[in-house]
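Work out the full structure: start from the sequences and follow the hints.
For the sequence shown, UniProt numbering begins at 1 and goes up steadily by one.
Hints in this document: simulated from the structure, not taken from any laboratory.
Keep in mind the model is a prediction, meaning the values are calculated, not measured.
All residues carry an ideal CB built from backbone N, CA and C; glycine is no exception.
Among the hints, erroneous ones may be present.
[Unchecked claim] Here are the simulated BS3-like cross-link-like pairs (lysine-lysine), alpha carbons at most 27 angstroms apart as the crow flies:
1. K220 <-> K249
2. K603 <-> K576
3. K448 <-> K416
4. K330 <-> K347
5. K135 <-> K94
6. K491 <-> K450
7. K226 <-> K245
8. K123 <-> K135
9. K450 <-> K416
10. K603 <-> K590
11. K375 <-> K416
12. K135 <-> K122
13. K416 <-> K492
14. K491 <-> K448
15. K492 <-> K450
16. K220 <-> K245
17. K450 <-> K403
18. K497 <-> K448
19. K226 <-> K249
[To be verified] Now the in silico label distances, taken between C-beta atoms and shown as ranges:
20. R417 <-> P383: 20 to 30 angstroms
21. V157 <-> K249: 46 to 56 angstroms
22. A609 <-> K245: 55 to 65 angstroms
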Amino acid sequence: MLPALSSDVFFTPSANLRACGCLRRKSPGVDKVLSVPPSFYKRSSPLRSSLRKPTTNIRQKSPGRKTVSFCSDKKVSNVNDCFQIMQNGTELIKLRTNVRQFRRVFSLDADLAYIRWTPTNKKPHKARISVDSIKEVRIGTARRLRLFHNLWDEYEVLDLIALTADDANVWVVGLMALSNGSTVDGKPSSGSANGGGHSMANLRERWLTNVFNEADTEHKGYISEKSAVRLIRSINTRLLTNRIKQKIKEAGAANPNEALRGRIDCNAFVEVASHIAYPIFSALFAGVQRCGHTPEVYFLMVRYANKDYLSCSDLQIFLEAEQGIVGVTKEFCENIIDQCEPSPEAKENNYMTIDGFTNYLLSDSNSIFESAHQKVHQDMDQPMSRYFIATSYNTYLVEDQLKGPSSVDGYISTLKRNCRFIELDLWEPDEEDGDEPVIHHGGTLTTKLKLSSVLSVINELAFERSRYPLFVRLEIHLSIEWQMKLCELLKKHLGTKLYNPSDDPVDWTLPENSARYETKRKNGGEPSLEALSGEVTEEDEGCDILTGKPKKEKRLELCRELCDLLAPFAQSKHLKELTGSGLDTNLSPKKHIVSMSESNCLKIIHNQASTFGQLYRNFMLRVTPNVARVDSSNLNPQEFWNSGINFVAMNYQTLD
Numbered sequence: 001m002l003p004a005l006s007s008d009v010f011f012t013p014s015a016n017l018r019a020c021g022c023l024r025r026k027s028p029g030v031d032k033v034l035s036v037p038p039s040f041y042k043r044s045s046p047l048r049s050s051l052r053k054p055t056t057n058i059r060q061k062s063p064g065r066k067t068v069s070f071c072s073d074k075k076v077s078n079v080n081d082c083f084q085i086m087q088n089g090t091e092l093i094k095l096r097t098n099v100r101q102f103r104r105v106f107s108l109d110a111d112l113a114y115i116r117w118t119p120t121n122k123k124p125h126k127a128r129i130s131v132d133s134i135k136e137v138r139i140g141t142a143r144r145l146r147l148f149h150n151l152w153d154e155y156e157v158l159d160l161i162a163l164t165a166d167d168a169n170v171w172v173v174g175l176m177a178l179s180n181g182s183t184v185d186g187k188p189s190s191g192s193a194n195g196g197g198h199s200m201a202n203l204r205e206r207w208l209t210n211v212f213n214e215a216d217t218e219h220k221g222y223i224s225e226k227s228a229v230r231l232i233r234s235i236n237t238r239l240l241t242n243r244i245k246q247k248i249k250e251a252g253a254a255n256p257n258e259a260l261r262g263r264i265d266c267n268a269f270v271e272v273a274s275h276i277a278y279p280i281f282s283a284l285f286a287g288v289q290r291c292g293h294t295p296e297v298y299f300l301m302v303r304y305a306n307k308d309y310l311s312c313s314d315l316q317i318f319l320e321a322e323q324g325i326v327g328v329t330k331e332f333c334e335n336i337i338d339q340c341e342p343s344p345e346a347k348e349n350n351y352m353t354i355d356g357f358t359n360y361l362l363s364d365s366n367s368i369f370e371s372a373h374q375k376v377h378q379d380m381d382q383p384m385s386r387y388f389i390a391t392s393y394n395t396y397l398v399e400d401q402l403k404g405p406s407s408v409d410g411y412i413s414t415l416k417r418n419c420r421f422i423e424l425d426l427w428e429p430d431e432e433d434g435d436e437p438v439i440h441h442g443g444t445l446t447t448k449l450k451l452s453s454v455l456s457v458i459n460e461l462a463f464e465r466s467r468y469p470l471f472v473r474l475e476i477h478l479s480i481e482w483q484m485k486l487c488e489l490l491k492k493h494l495g496t497k498l499y500n501p502s503d504d505p506v507d508w509t510l511p512e513n514s515a516r517y518e519t520k521r522k523n524g525g526e527p528s529l530e531a532l533s534g535e536v537t538e539e540d541e542g543c544d545i546l547t548g549k550p551k552k553e554k555r556l557e558l559c560r561e562l563c564d565l566l567a568p569f570a571q572s573k574h575l576k577e578l579t580g581s582g583l584d585t586n587l588s589p590k591k592h593i594v595s596m597s598e599s600n601c602l603k604i605i606h607n608q609a610s611t612f613g614q615l616y617r618n619f620m621l622r623v624t625p626n627v628a629r630v631d632s633s634n635l636n637p638q639e640f641w642n643s644g645i646n647f648v649a650m651n652y653q654t655l656d
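Structure below.
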């Protein structure tokens, strides 16, 4: 660790002191929202009240691949789920040839024989389409469906627009299955696994049943809730345990047999596992998983296979058309199925169910990130001035800058968020504060914090989340006596984690004609000329928060022990402005971290860009929020990062 006065203490877990970085990740958005083409809403005459009102300011989507966004919680994991939704009724927009539009509720008969719509002025037997008459279902842009059906040996066209992407996909999948005409037990079938009568939906149930039976080693017909949770977790480790427990408890409580309360039979297990074993993409990168299948993967699979599973040829078409992979072979597809498909029966027949398809889509090979980027992959052996370093401001404060509490929670939260630059504002204690320096925001009403409690937290958490060096900025407001106490506590709590300048092989000695060795700090008493080996210069970073008056520059002598702990290359030098002749000759790249306030830095960037360029190429730079931000609001760090600022100090207690 690296101490410096007004300074920075430098902690390091290894001998490499030249690497220090802050890595930031930004998750790109994944939703693509479809819009309805304006031509759908054009009309030449006023519409009746039953007709759809025109929508204005509709953005036209450029031609390209059809995409949809999914945000529904509907459980759609097979075609029968689609039929159930269709039977419940869905509001769609019915288009006429003269571009008139009608809102109608379309529904599927219970016997799957007719599609009907209401309200209508037609007789009931005319406001319907026979499922057997549907010859083709075409998918248009912007949630538009087109049904070609046979009426008295002539083809008729029914144009529909769904209100949501989910509704469009439910009806597309359902209508495609209905137009195929195959049924199992009176319900449409999505195909057979072995050319026989078993649908892939039944195959999936058989697989889950086999998983249950293997766990039911005593053949009791049930397993404990704890075993059920563990079993579902083994099927998919991405699931949240608490969510599984909740659904298992609900299933156990719903069992009408009181003797089996708290236990899960095979049917309940299959039901729960079918709906929560593979939550698809729901806020996946935010770490939030939704219960139940979202329709996305199922609809995607059906669009390429027109059934509840993918064959090798279906998977090949998907990989080439959707994923853009060139030169896909049958052997390549078989290898994917072998790796991703959990059902032995489906794997044996080279079929991929929704479970295997989901596993493949969520595998590393389909990640939007390079797998190598999931850990630090950049060159971390460059000089520290070439990195952006996560920096906190007044770390001990957990609320505002004037009267809020000082707490170790500020250090705990900051260090657990990989911050590599923290601050300690050290003051002499009052009688009631004990026999060690205290930490608080001077000149304000903030509470005080014992130094030893903070050092204990730093020792414990300094390298828990990050192995890179930690800067600790000490703002010294102590007499020689209390400086000695500070040194004692630093050595006691931090021990060998402290950076030791005497062990550094790098020569940080300044040229003979350079400015004399000096470090700086904020606020201090009058200098004493006895038993001293260094000086601290107090240079204000703004004005006094309570009075608004500029602070006066003061100097404070430092004891030998404290000087020996300071990193010679991390001494803070405050910069208010750049002179017309260029950089201050007292600044040394081997010695100083140049600090600036937010407003001063922006002024220099905008008015003296070329001179500022010399500054950031040669020095490590630090920017702090303006003192007017008493509510602990944050500056926008991006503008400063764009200008090459290494340390952009942030109020970590403020989530903005």
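Results for each hint:
no. : hint                              : result
1   : K220 <-> K249                     : 19 angstroms, holds
2   : K603 <-> K576                     : 10 angstroms, holds
3   : K448 <-> K416                     : 22 angstroms, holds
4   : K330 <-> K347                     : 14 angstroms, holds
5   : K135 <-> K94                      : 19 angstroms, holds
6   : K491 <-> K450                     : 16 angstroms, holds
7   : K226 <-> K245                     : 8 angstroms, holds
8   : K123 <-> K135                     : 24 angstroms, holds
9   : K450 <-> K416                     : 21 angstroms, holds
10  : K603 <-> K590                     : 26 angstroms, holds
11  : K375 <-> K416                     : 17 angstroms, holds
12  : K135 <-> K122                     : 23 angstroms, holds
13  : K416 <-> K492                     : 23 angstroms, holds
14  : K491 <-> K448                     : 22 angstroms, holds
15  : K492 <-> K450                     : 15 angstroms, holds
16  : K220 <-> K245                     : 21 angstroms, holds
17  : K450 <-> K403                     : 17 angstroms, holds
18  : K497 <-> K448                     : 26 angstroms, holds
19  : K226 <-> K249                     : 10 angstroms, holds
20  : R417 <-> P383: 20 to 30 angstroms : 25 angstroms, holds
21  : V157 <-> K249: 46 to 56 angstroms : 50 angstroms, holds
22  : A609 <-> K245: 55 to 65 angstroms : 59 angstroms, holds
When each numbered hint is compared with the structure, no violation occurs for any of them.
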